[in-house]
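Trainee: One letter stands for each residue in the lines below.
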Amino acid sequence: MTQLAVPLASTLEAARSQMAFTLGFHIILASLGVALPALMLIANHRGLRRDDADALLLARRWSKVVAVTFAVGAVTGTVLSFEFGLLWPEFTGRFGEVFGVLFAIEGIFFFLEAIFVAIYIFGWERLSPWTHFWSGVPIPFCGLGGAFSVVAVNSWMNQPQGYTMSSGGEVTDVDPLKVIFNPAVPYEVPHMILAAYLVTGFLVASVYAVGMLRGRRDRYHRLGLLVPLTVACALAPVQFAVGDSAARAIAKDQPIKFAAMECVQTTATHVTEYIYGRCTSEGVKGGVGIPGFDSFLVGFSTDTEVIGLDTVPAEDRPPANTMLHWAFDTMVGIGSAMIALGLWLGVVWWRRREIPQTKWFLRAVAISGVAAVVALECGWIVTEVGRQPWIVYEVMRTEDAVTQADGVWVTFTLVVGLYVVLGAALAITLRAMARRWRAAAEDDSEVPYGPSGPPAEVAR
Amino acid sequence: MSSADAVAGVLWIGVTAYAVFGGADFGAGFWSLFAGRGERARRARDLIGWAIGPVWEANHVWLIFVLVVLWTGFSTAFASIFSTLFIPLSLAAIGIVLRGSGFAFHKTARRLAGRRVAERLFGLSSLLTPFFLGTVLGAIASGEVPVGNAAGDPVSSWTGPLPLLLGALSVAVSAYLAAVFLVSDARRAGAADLERYFAARALGAAVAAGALAVAGIVALRADARFVYDGLTSAGLPLVIVSAVCGIAVLVLLRRGARRGARALAVGAVAAVVCGWGVAQHPYLLPQELTIDAGAAPTATLTSLLIVFGVAVVLVIPSLALLYTLAQRDLIAEGDAPVTDRGDR
Numbered sequence: 000m001t002q003l004a005v006p007l008a009s010t011l012e013a014a015r016s017q018m019a020f021t022l023g024f025h026i027i028l029a030s031l032g033v034a035l036p037a038l039m040l041i042a043n044h045r046g047l048r049r050d051d052a053d054a055l056l057l058a059r060r061w062s063k064v065v066a067v068t069f070a071v072g073a074v075t076g077t078v079l080s081f082e083f084g085l086l087w088p089e090f091t092g093r094f095g096e097v098f099g100v101l102f103a104i105e106g107i108f109f110f111l112e113a114i115f116v117a118i119y120i121f122g123w124e125r126l127s128p129w130t131h132f133w134s135g136v137p138i139p140f141c142g143l144g145g146a147f148s149v150v151a152v153n154s155w156m157n158q159p160q161g162y163t164m165s166s167g168g169e170v171t172d173v174d175p176l177k178v179i180f181n182p183a184v185p186y187e188v189p190h191m192i193l194a195a196y197l198v199t200g201f202l203v204a205s206v207y208a209v210g211m212l213r214g215r216r217d218r219y220h221r222l223g224l225l226v227p228l229t230v231a232c233a234l235a236p237v238q239f240a241v242g243d244s245a246a247r248a249i250a251k252d253q254p255i256k257f258a259a260m261e262c263v264q265t266t267a268t269h270v271t272e273y274i275y276g277r278c279t280s281e282g283v284k285g286g287v288g289i290p291g292f293d294s295f296l297v298g299f300s301t302d303t304e305v306i307g308l309d310t311v312p313a314e315d316r317p318p319a320n321t322m323l324h325w326a327f328d329t330m331v332g333i334g335s336a337m338i339a340l341g342l343w344l345g346v347v348w349w350r351r352r353e354i355p356q357t358k359w360f361l362r363a364v365a366i367s368g369v370a371a372v373v374a375l376e377c378g379w380i381v382t383e384v385g386r387q388p389w390i391v392y393e394v395m396r397t398e399d400a401v402t403q404a405d406g407v408w409v410t411f412t413l414v415v416g417l418y419v420v421l422g423a424a425l426a427i428t429l430r431a432m433a434r435r436w437r438a439a440a441e442d443d444s445e446v447p448y449g450p451s452g453p454p455a456e457v458a459r
Numbered sequence: 000m001s002s003a004d005a006v007a008g009v010l011w012i013g014v015t016a017y018a019v020f021g022g023a024d025f026g027a028g029f030w031s032l033f034a035g036r037g038e039r040a041r042r043a044r045d046l047i048g049w050a051i052g053p054v055w056e057a058n059h060v061w062l063i064f065v066l067v068v069l070w071t072g073f074s075t076a077f078a079s080i081f082s083t084l085f086i087p088l089s090l091a092a093i094g095i096v097l098r099g100s101g102f103a104f105h106k107t108a109r110r111l112a113g114r115r116v117a118e119r120l121f122g123l124s125s126l127l128t129p130f131f132l133g134t135v136l137g138a139i140a141s142g143e144v145p146v147g148n149a150a151g152d153p154v155s156s157w158t159g160p161l162p163l164l165l166g167a168l169s170v171a172v173s174a175y176l177a178a179v180f181l182v183s184d185a186r187r188a189g190a191a192d193l194e195r196y197f198a199a200r201a202l203g204a205a206v207a208a209g210a211l212a213v214a215g216i217v218a219l220r221a222d223a224r225f226v227y228d229g230l231t232s233a234g235l236p237l238v239i240v241s242a243v244c245g246i247a248v249l250v251l252l253r254r255g256a257r258r259g260a261r262a263l264a265v266g267a268v269a270a271v272v273c274g275w276g277v278a279q280h281p282y283l284l285p286q287e288l289t290i291d292a293g294a295a296p297t298a299t300l301t302s303l304l305i306v307f308g309v310a311v312v313l314v315i316p317s318l319a320l321l322y323t324l325a326q327r328d329l330i331a332e333g334d335a336p337v338t339d340r341g342d343r
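Chains P and Y are the protein sequences, given in the same order. Using numbering that gives the first Met the number 0, the letters of the first sequence correspond one by one to residues 0 to 459. Using numbering that gives the first Met the number 0, the letters of the second sequence correspond one by one to residues 0 to 343.
Honestly, the hints are just simulated from the structure, not real lab data. Some hints here could point you the wrong way.
As the list claims (entries may be wrong) - Now the stretches of chain P that chain Y is said to cover, found in silico as 3 or more residues with beta-carbon under 8 Å: (1) 69-75; (2) 116-127; (3) 181-195; (4) 402-411.
Yeah, the Cβ is synthetic: ideal placement off N, Cα and C, and Gly gets one too.
Given only the sequences and the hints, what does the whole structure look like? Please build it.
Mentor: Structure representation (structure tokens):
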């Protein structure tokens, strides 16, 4: 099945923009969906074990945030599954039967997650405390399973294998295990799951850091900052190691993507590592260069050969090299800053058994949430734009996957408008919830596991 | 039965479940939209929010289930449907965004002025989403979706009499199901007046759905002869079951009976959706693409069936737990909301 009519370039642009926009939006909510339930359960467990009312209150409030972000994330996720058909019918039409099983597995995890989220968030009042806690325990595991399945699909798009195709382009045989455990899974999946935990941890901690900067330095706020920040800071170095091995693996598996990330024009040894700078066909202009370091990063020796963009024709190279390079450097930079923040917390904690109370520490935590989201988006740009012009690496071009239907620009415009409103509504809602909680700090109804009995109002 | 047929069966189970559970949810939004103003309308809306709150998310996972099984098991059909029916499916997707966020925010933003807007959006999109999904079904049945990337007409494929009638029928059936469900929920909440309120609406929706179904049959005969023939031969027993269940619900509601109406209403909808599947067999896209021709390689189909088996073992008990806890009032945001009136 060859593509006869070349689709309008504008449809391709619109489809790529819509996909990038909706995915970039969803990835934040998905990260919260993966990791926030874990933080919620940590707080819940601590609250029950140590009879800690502050921890229980945090758990209960975080569960309300889980409810809202999960609902919105379910919606934006549904949009993505529509877009598989609406935007990329040739891709899904040909390879849906190859990668689709992963989404079927994801479906189970998502279904279970939806069920247990509902039981947990609606179960605060009438289930017994420990029963209630255990009703939430499946949620983070479902989140991990779901993240594995979805990211494994993306890994497959980067390292496709496990199918045979006839000369006419029909998929004739599939080896599902080879599809599921494709070579990019071992680095891409942990990298994304850790990213979800980092984003969630820093984002939640940043909320309480802002509160503390505004003078609310009670135990509730310190705990609200400490629990997520500890999780995130503990994982930041792990993420750095995973990301480093991912970069090396990409240099081997997708050398052109790596060359674009690092602006390597010609294959060579002793390649200079540039921090920022502008990518041109004559090499990097500006930026800080570290001679030989790029080679060293790829193979632990400056003698390592790094493959350059000139090994493939221009139409097989990713677009927007400078943006890719900046996205990569920004992600690495933010990751390094996170480790520094963790060291700061660790040293002070080790010496004084408390959170650093200085303004500068709280300011750093306050911006870490946004910074983590920026790093997440940068990483996503690196892997997605870096794979271009392929939708399935070296198998199918993105331009051959796009729909022939007219009107993608219209849906893109509508979707942007809709999501801007959605994002604003989400932000306003979360702020309103926070205000209400502050106002009702003494409210009885906020006490978890308050007196429960048969609902007095229900008449039989 | 081939494994392709088995996967098609799984797909159809998903479609049926979505028609029933998703439909009841859409219908609840429909009644929220048309509840009007005033005290009783507020209480009716509160009942709706209280009843679907804990279960609505799970209800809509069925749609994702259907999409995934379709694109994995029958990729070509999926690509053909989504490219030709780009407009109604985009509108349905937008409706889903509006609906989900409207629902999420009207629960949390209850002290904001925005609550009204959120409620409106929730109601309106509860009307539009099943309508456009219904037109998609109608377009497929009438053979307007040829195999290929946007190979069919982008507009006329889904704007004929049959798709439009099926769109309207989806809305009516959703409203009917929701009203029957809400009768039980009103009883559970101890609000006898709302029980009568929704019983009357169930009757109205049933009459509307019946009339649209009859018109739909006429349109089927004209525009989708293959499905019409199937429904009047192999699918006939299921159509009869559906009609009998539907009439039995009406009788029960008229008598104010306490049990059975909900199960029978589910039976009525499930039977007709299954009947449709039987009638369309062996085609995915009637007279364009058969199930066998459109199916994925065997290994994919087998994996899908295994995953489905695992899902049955894991999801069904969890779902049963959720619905049981919800029905026993063990999971709720608070007490039943509609008891502040004297009709107990």
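Trainee: Does each hint hold? Answer for all of them.
Mentor: Hints, one by one, checked against the model:
Under a criterion of three residues with beta carbons nearer than 8 Å to beta carbons of chain Y, the stated coverage of the stretch 69-75 of chain P is upheld, 6 such residues being counted. Counting residues of the stretch 116-127 of chain P whose beta-carbon sits less than 8 Å from any beta-carbon of chain Y gives 8, enough to reach three: the coverage restraint holds. With a threshold of 8 Å between beta carbons, the proposed coverage of the stretch 181-195 of chain P by chain Y is violated, since 0 of its residues qualify and at least three are required. Only residues whose beta carbon comes within less than 8 Å of a beta carbon in chain Y count, and the stretch 402-411 of chain P has 6; three or more means the coverage holds.
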